[in-house]
Structures are given as structure tokens and as C-alpha cells.
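One letter stands for each residue in the lines below.
Number of protein chains: 2
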Amino acid sequence: MNIRVKAIVLIFSGLCSLGSLNGQIPMGVTHSGQSTSQAPFPLTQYTELKNPAPTDEESWKDLSGTRCAWGDTYTRYKKEVNPHLNQKKIDIKGWKGERVAAQLVVSSAIDLDNVSVEIAPLTHSSGKQSISADRILKGFVRYVMTDELNKNQKGTCGPRPDLSQFDSTLVADPIDHLAAALPIKAKTSQGYWIRVWIPEDAISGNYSSDVLIKNNHEVIGKLKLTIQVQQRTLPQPDQWAFHLDLWQNPFAVARYHQVPLWSEEHFRILKTELQPYADAGGKVITVPIMHHPWGGQTYDPYETMITWVRKIDGSWWFDYTIFDKWVEFMIDMGIKKEIGCYSMIPWKLSFLYFDQATNSMKELKSKPGEQAYHDLWLSMLKDFAAHLKSKGWFDITHIAMDERPMPDMLKALKIIREADPNFKVSLAGSLHKELSDELNDYCIAIAEKFSEEMKTKRKAEGKITTYYTCCAESHPNTYTFSNPAEGAWIAWYAAKENLDGYLRWALNSWTIEPLLDSRFYTWGAGDTYLLYPGGRTCLRFENLVAGIQAYEKIRILKTELQTQNKTATLRKLERVLESFDELQLLKTPANVVVEKANLFINGL
Amino acid sequence: MNIRVKAIVLIFSGLCSLGSLNGQIPMGVTHSGQSTSQAPFPLTQYTELKNPAPTDEESWKDLSGTRCAWGDTYTRYKKEVNPHLNQKKIDIKGWKGERVAAQLVVSSAIDLDNVSVEIAPLTHSSGKQSISADRILKGFVRYVMTDELNKNQKGTCGPRPDLSQFDSTLVADPIDHLAAALPIKAKTSQGYWIRVWIPEDAISGNYSSDVLIKNNHEVIGKLKLTIQVQQRTLPQPDQWAFHLDLWQNPFAVARYHQVPLWSEEHFRILKTELQPYADAGGKVITVPIMHHPWGGQTYDPYETMITWVRKIDGSWWFDYTIFDKWVEFMIDMGIKKEIGCYSMIPWKLSFLYFDQATNSMKELKSKPGEQAYHDLWLSMLKDFAAHLKSKGWFDITHIAMDERPMPDMLKALKIIREADPNFKVSLAGSLHKELSDELNDYCIAIAEKFSEEMKTKRKAEGKITTYYTCCAESHPNTYTFSNPAEGAWIAWYAAKENLDGYLRWALNSWTIEPLLDSRFYTWGAGDTYLLYPGGRTCLRFENLVAGIQAYEKIRILKTELQTQNKTATLRKLERVLESFDELQLLKTPANVVVEKANLFINGL
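Same order as they appear, the protein sequences are chains C and U. Counting in my numbering, the first sequence runs from 1 upward without gaps. Counting in my numbering, the second sequence runs from 605 upward without gaps.
Treat the hints with caution; some may be incorrect.
Computed footprint of chain U on chain C; a stretch qualifies when at least three of its residues, placed anywhere within it, have a C-beta under 8 Å from a C-beta of chain U [unchecked claim]:
| hint | segment |
| --- | --- |
| 1 | 133-139 |
| 2 | 317-326 |
| 3 | 354-360 |
Mimicking BS3-like on lysine-lysine, the simulated pairs with C-alpha atoms at most 30 Å apart in a straight line are [said to hold, decoys possible]:
| hint | chain 1 | residue 1 | chain 2 | residue 2 |
| --- | --- | --- | --- | --- |
| 4 | C | Lys93 | C | Lys61 |
| 5 | C | Lys365 | U | Lys966 |
| 6 | C | Lys365 | U | Lys929 |
| 7 | U | Lys941 | C | Lys325 |
| 8 | C | Lys449 | C | Lys587 |
| 9 | C | Lys367 | U | Lys966 |
| 10 | C | Lys93 | C | Lys128 |
| 11 | U | Lys682 | C | Lys311 |
Worth flagging that the hints you see were computed from the coordinates, not collected in a lab. Yeah, the Cβ is synthetic: ideal placement off N, Cα and C, and Gly gets one too.
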């Protein structure tokens, strides 16, 4: 498909310079003229961008009214296509404490002005127990603008100053639990997501419900949903072993919702926006400890959470007010295993501070190896260590590095050790065997592989070992145009590789209008965020969580099987995991691999 | 004269944008290519700008060698002219503790490569006592570029973006005590200043000395100097009653000498630069309490000495590190009667602060009458009052205003009273009778006159009442093209009007190269400074000090005459003072009026 949405691209590009919190956008209205989630929070209604794809008339010719049927949770049903689904009844298996999901699709040949979905109580076959409504997340699967891989089909790295050079389409991704009802235009399809978080104390067995699809008060579809609750129990997310490190961007939240940074209002909204990360078992608190650790690569750059002040006698003064407030907030959210502090070696070796003498912001430009760099960071890290100890956070804090030239990293490490020999250090970068002992949390790209020996040694020493994907990978990935099952695949792969978890550099570095347009002026669409405003999750994120749940189930099952000496089953499980090979993803799509693997473990 | 120095003007204009301390000027070198006083401090040698005036050949035709003779202290002898002076012996009268001065002029028809001046010990006629060399200030009267009054001859207000539109000439002004010797080119004149600070404990009578003018080792002139020390004693400057308020600009000092603001080096240099102000009995410490109280009107704008930080909870935090250091320094210098704090009502109603949340400088734009303005200043002034009380400075501190619209001033006053009813307030502005009771220090322009009733009431209440001149006045004034005697006239006028003193808005708001070029891109040349770098004083400043000494002498004499009931003499004195009428200055130049008045009081 090669339909280009030039008009939108132009508006988008024209407003890229508005990346500051003081932008000229009128309060509560974004460049598309729609309200943001500012007032009242959250926005419950919004209008998607126009579908650049024409109606697939052929698919609609045999439908005169409306059809409702179950689809699957891996598919982005196209708005302009009738998918010809027929399944009226669905059975889903899950452990106690697990989240299971189903997607239904409404395809209509006629205009429907007010479609809503009702789920009757999910009642146990014995009639003795129901799953309460607050365990159910339901919402329309909305359409957002996406683009595509680079022209050479190799990932999506590099700038995209002219988005019209990329195929732009609407794809189903955000799960909009806030819109109670939506109109559905004639000859369009609309997905609807139902996720059931099985209570840990549920009795096992079948829970059934009728799902009613209505247009105003008229029932236009009725589907049967059965949740088959198994015997085993999945622990709560904060008990999960999977080391999930998705970088949070509170600056995007303040800008999008047009609230003052670090205000009560900001934190109130952050609680909503980051709840899905907590519910996914997020482990790491992202902390920029200096101005713009990654330059201005995101629409909302990361500002320092530690205030740097150069006093008139030339000495430094560091204030931790924001840092403390943010870390305490995140710990209260249940995210408390690690504090990742970026960065001693930022992409641009320039350190912005408030200079008291001149009452202005100044930059200290200095690089590892220089005396000024050494003195600055030694002074900063010593002060920081003392503060962390006073808060009881020293042991969870990691001085975090991105991949930088080896000599620079070694120089930085030396200063860290000089400041406090017990400082923990993390790196998301390339595989350097000689660095492994230094790094308490080490994350490498999927294309590189830790040796089994390294992984064993690191595990024995209590060190965290993970992998990441970014714009370099075509598959697996979590672009808005990716196969959503690749989200699940990512966590399965960690299980296969005996890795502790997964890192992604962007949980919510939103584009200017993330609900409408996931394209950005760098990288493939969706690369910069996995969550949508208003605490909205999406096909990509829900699949990732499903994969993490599988990782936890595998961990529990392995222990169980080992305890019970079920070596044959164990071997079968290993064989299933072997199928998670990223080089095979073009041949066998992720949803096929994931579905097959799920069937296996749900059968144990 | 209408000779224009276009080349210099162009360089000057082109560099006006370099007004920041981070300018691109190479260390220690200014735009003319000359060293600044940076290294080593202070600069002892510099080259004046080229004289745009041609040699006055007519005046030189009867001179073949070199002529040295006494001139007077009111005249700017022209470089290109032979003034035909003849006086070889000079007698100067002065009180014990008084500074008295004489100017000699070397006029040479031939090149002299290394002229210096030696003063033999000033010995009492009894031979019993000498005035030691450290009581003598001597130096060449250097030539600096100046311009002229506005074309309509009415003051010098308004911008001068194209200085070539104004007549530019070299004038004698700075007294360069640092250059031990200078070359004198053929057919030029060179003034030389000798100031003797008579010791308080000197015995009265005549002190004489030979003044030798040498070229290398050759004596080229010999003049006789006699100081006639009278019976009366002038107190030390810190005991003077004259309320001298010349606004200091430490920012210009840091920029010109290229030292970090508020560094030890900066204060070391400030001690030299501000000593003449202390020696003139300066009473007021100038304090900008917010960013740019007068916008960017000076080459080196006034930056706040109080650090304004907006914390993330929206509350304000004020830090007084710079304020304390500056005030303590000035008090140590002996300037401690008043702290003038500018400004609640700055020219641009915008308040710059460091915003901790966004790690950036932000402006709060708010004006009197608005809630935000009220809250900001109430919070600031309460905090400030508490700090001042803790330092013991509350009683000398004045919240200082420039002339602003009356409703704004009344609103500001209300907030000041709300913050602390005992805050002192000062205003340099127009005469508003209804404000007089509110203002502890009230200064109005020379053209306006306080009523005798107001002055009497204010004096009885211990309130300070002064006047000012600025660009509005053609005469009296202290431009580099002004008659230097107008400096003295200014203080005599205060005596005549029974005012407490005089205010001028600029003691040392230097131009880019104050030693070379006193022209600025606004106002008449010299308007922005009365002192030159290196602690150099000048004809204008020395005349001002002479006037202040006369003011003190008149004060002492009046008390003496009243005590002794010498009403006839008192009446004569009043009549002498009556001659200080600014409207007569075009008819009778200041030097004539001042000289006559001096003769009178020195005869008492």
C-alpha cells in the first residue's frame, strides 16, 4: 500500500519546534484542533485521523447489516475491510491471577451511531462465584496513523524529516477503555478488546458471560465468552521475576496534558499513565540526573531531576527535591527494584546548570579524561551517594550508561568507583566481556548473545542480564505496524535465552498527538511509546504483558517439573522455547509461534 | 567643531552585542586590540585613540621647545593646542584634611619620548614637617573620545545608534596615576594633575615643593607648588554629611577586567575601582534585587544580587549569598549609610527566575495591581525583611523606586507596608507632595524644587532629601564634554538649596572601552560613568569631590558663624550661594561661579 497522508505530515512537521512546555499551543487544544486530555482529565472522546485507505468494497458486498464475531488478540483488523469473522463463542484458558484477553470485531455495512458493548457477569458454572466488573478492562481498539520499515526493510533507524516518503496507514492499536460508545460508519470494522484479570482467589472452572453489542438500545450482536480458570496461580506483578525496564517520560505527560511539571496535578495524571507499567511488573525507575541525557531526541526531552547549581565560589550544589518526589512516587506505584540514573556520559558531552553568579543557565562542556569532567562528577557522585544512603536507596540505584566508546566508559567507571566503590552500574549497550563484572545490570541488543558461562556467572552473583530491541530490528519489534504478537514473542525469547528480562528505551515518549498519529520525525511509528494517554494500553503492550505472564508461568512450571523430575516434559518445554528464533520471524510470524507455545504451556 | 570619527564608531557599534560576560573577546584584549586591565591588573599603559582634530598650527608657531606651566583645575586643555600658559608658581589654600589640586600643562613643539613628573617633598616653611608622598595623587590627564549635546542643545537623552552623527573629539578627562611616564608628540599639550590630601594633623602654614618635569633624565620644566594649610579641619569623608548616591556597577568591573563575577579576584579589583567613591564619602550601596531593574540600558546590565528560585511546589526560595557578600564588602569599604534595593517596579515588568521544575530561566510578567505581582513581592519582601533583620541591616535598607506611574507606586508601597510596616522606602523621581511622608530618601530632578516647608519637615523627621541630574540637563552635568567645574557646582547647589546631597544613576557603568571612548549608544558621552578603570579618577569626579568638600566646609562654617552670631558674614555666604542658579549657567560658566565662591569661603 502506498497511500500518503501529506496534509497531516505537513502540519506535523511544522509543529515539531513546539517541543517545549511553553509552546504556543492554546491550552487544551493540539495542532489537530482537538482537545488534549487537559480539561477534564482524561479525554474520553476524540476523533481519529481520516483513513487514507479506500473501502475494500469487495469484502463488503455480501454483508447488508452488521456482523459481530470473535477475532483473535494478535490481529490489527483493518477499518476498511470486512474480515468475515464467524466465531460466536470463545473459550480462553488462564491461571488464577492471570490476565486473559479476547478481541471481538463489529463489521457493519450500515452506519451505526452509538455502539457500545455490555458484558453480563462472568459467572462460574456452579453459579457460586462471579468475576466482578472491576477485573475487566474493555474498550474499543482505536485506529492510529502509522508508517513502515525503512525502504531497505532493515529496521527504522534514521531521521524521517519527510513522512510523506513513507506509506502512512491507519492501524488498530490503542485500547480505548474511556470511550463508552462510538459511532461506526457504514462499511467499516471496529475491534473491541475484553481483558479479564482473573482473581487470585477465584475457584477454578468455567466462567461464562454473554457479551452484548448494542447500537443505542438495540442489541446488534450477542457473543459467548468463557474463561476457563486453571488450577495454578500466577503471582501479582510485583512478585514477577521478569526484569522489565521501560523508560518512563514524565515530561511528555506534563506537556501533553498541559500541567506544570511536578505539580500535584502532574503526579495525579502520572498515576493513571504509569499504572499499566506497574501492572506489567515494571522494575526500573528512569531518572535523568542531568540535562538532556539523550539530547533532544524525543519530542519531550528529558530534563534533569537533580538540580545543578554552581555557587559563586565555584563549588557545586545539588538539590534532590524532584528526584525524591519522583522516586517516592514510583516506589508508591510499586516500581522499586532499581533506579536507573542517566547519564554520566550523555550523547552530547555538555552539562547544563544554573549559575548563581550570572543568574543564568550555563553549559560545562567536558568529556571523560578531562580534569573538569573528573572534578564535576566526583563531586556530584559523592553528594549523590550520601543523599541516596540517607534515603535508603543506595542499594537499588544504578549509575546507568548507554553505549559509549570504551575508553570513555572505563574513565567514567573509575570516577564512580572513586566516589563510592559500592555504586551499582548498569549499561545498555554492546557486549564487552571485560565489562561484565563491573555491571550489575547489563543489557545488550538481541543480535548479540551473552555466553552461557557469562549468564551463569552473572546469575550466581545476583547480577541482572537482559536484552533490548530498538530501531535496529525489523522483527521482533513493537512499532504500531508490527505484528502485535511480537510483543509477546519478546518475553518468550527472554525465557528461551535464560535472560532476566527486557529493556526498551521508550515507554511513553509521546509524539505530538499520540492518540492520533504514532509517526515521529525519527524511527518507525510507535518506536517512542507503548502506552497511550489516559492510561490507555494497546495491542502491543497487552501482548508484551501476555508474554511476560508466559515467562513467569514457564519459570513456575520449570521449577514444578524439576521438583517432580518430569524431565521429558521439561525437554518438550525447551523444544517449544527453541522455536523463538528471531531469524525465523519472517518465515513464521510471531503469532503462529506464540499461539503454539501458549497452547503447550496451557496444556501442562 | 565637526570632525567625525567614523571608523571608531563602526567598530564600536558592531561590538555592542558583546555585552555578555561570555562575549567572544579574546581574554585580556578589547575590540581596539589593546589589553584590558586583566593581566596584570591594573593596566598601566595604554594608547589613546587618534586625535580627530588637526594641530592648531597658529598656536604653536611661537614655541620652539617645550613649555611647562600651571593651568587650572577646571580646564580641559586641548591636545592639539598650545594654551600659552605662563604661571610658574601656584599657591593653593586648603583646610587640614582637605584635598586640594593643581593642574600643570606640558606643551611641546618637539617630540618628547618619556615625560615624567617629580614632586620634591612638600615641606612646611618651618622645615619641621612635610606632607608625605602617599598623600599625593599625581597623574597625566589623559585624552578620551567624547561627543556633544543633542542637536537641539537640550541635554543628551535618547539613543545614538549612529555616533558619526555627533561631533567626536578627544577631551582631557581621566587622571592616569598609573602611567609613570608618557611620550608627548611634537605640537601637543599634556595636562598633569597633582592632588594633595592634606593630613588632618598637619600644622597650618605653607608647604612648598619644586615640581620637576623631565624627559628621560633631562629636566624640561620646573614649577613651584605651595599649599597653604589653613586652621580649620575637614572631617574624614565617612563623617561627611553630604548624601552622595552614585550607583555602582560591579558587573561592568567583572566584564572589563574579565574576571568571574563575585570571585575573590573580582572583589580585589572592586576594592580598587570603588575606593574613589568611598573617598568621596559615598553613602549608598546600590543593590539590584531582581534581574535587570533598568532593562539592558547599560553596556553591562545589572543582574540580581538575590537569587530567585521557584521551587516545584510553586513557592519561592530566595538566596542572599551574593547580596551578603556585596553588602559586607561595601560596608568594609566604609559605604554603609544606606542600601538601595532596585526595583519592585522595574522598567520592564518582568521578573526572571530559575525555575527548578523545568531547569530553566523563566520570566514572570506581572504588574502592580495583579494578584501574581502582590503574592510574589509580598513573599519576597517578607523573606528579605527577615534576612535583613538577621544581618542587622534592616534599618539602613531602602526599597528603592525610580519614577513610575503614581498608581503603580502606591500599589507597591501598600505591599511593602504589608510585608513590613517599618521598611524604608526611597524614590528617585518626580515631586509628589502626597508621597513625601512615605519616602525616607526622596530625590528629584534639579528642575523640580521641594518647598521649604517640605524640606524642613523632612529634615526634622530624619528623612533624606536630595536631587539628581541625568541626560535631561545640558548644564550642570558631568559629561566628558561638560565644563569640569559643573561637577563642583552640583554640590554647591545642594548647599544653596539646603538639600542633603546628590544622586547620579551611574558611577561606573562603563562603555566597552571606557579609557579610550566615553561615547555610548544612548545619551551623551560620559553620562554612564564618573570613574575610569584601574581606580582612575578624572576631572569631573575630582571637581565633584571638591564641591562636596565645599558643601562640608559651608556646613561647618555656618554652624561656626551662627554660634558666633556673625550674621553679616552668614548673609554674605548666603548671597554667594545664591549665585548657584542653573538657569544662569549658560551666561556665567560654572568655573567662574565656583572659583568666586571658593575664594569667599577660603577667605573666612
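How the hints compare with the structure:
Counting residues of the segment 133-139 of chain C whose C-beta sits closer than 8 Å to any C-beta of chain U gives 0, which falls short of three, so the coverage hint is violated. Closer than 8 Å: that is the beta-carbon criterion, and the segment 317-326 of chain C has 4 residues meeting it against chain U, so the requirement of 3 holds. Given as covered by chain U, the segment 354-360 of chain C passes the check, having 6 residues with a CB less than 8 Å from a CB of that chain where 3 are the minimum. Of the supplied pair hints, the one linking Lys93 of chain C and Lys61 of chain C is violated, its CA atoms being roughly 36 Å apart against a limit of 30 Å.
Proximity of Lys365 of chain C to Lys966 of chain U is assessed by CA-CA distance (about 23 Å); at most 30 Å being required, the pair is judged to hold. As the CA atoms of Lys365 of chain C and Lys929 of chain U are separated by approximately 29 Å, the hinted pair is consistent with the 30 Å bound. Restraint check: the Cα-Cα separation between Lys941 of chain U and Lys325 of chain C comes to about 45 Å, which exceeds 30 Å; the hinted pair is violated. For the proposed pair Lys449 of chain C and Lys587 of chain C, the alpha carbon gap of about 22 Å is at most 30 Å, so the pair holds.
Taking the CA atoms of Lys367 of chain C and Lys966 of chain U, the gap is near 29 Å; set against the 30 Å cutoff, the hint holds. With a C-alpha separation of about 19 Å, the suggested pair Lys93 of chain C and Lys128 of chain C falls inside the 30 Å cut-off, and the hint holds. Of the pairs offered as hints, the one joining Lys682 of chain U and Lys311 of chain C is violated, with about 49 Å between alpha carbons and a cut-off of 30 Å exceeded.
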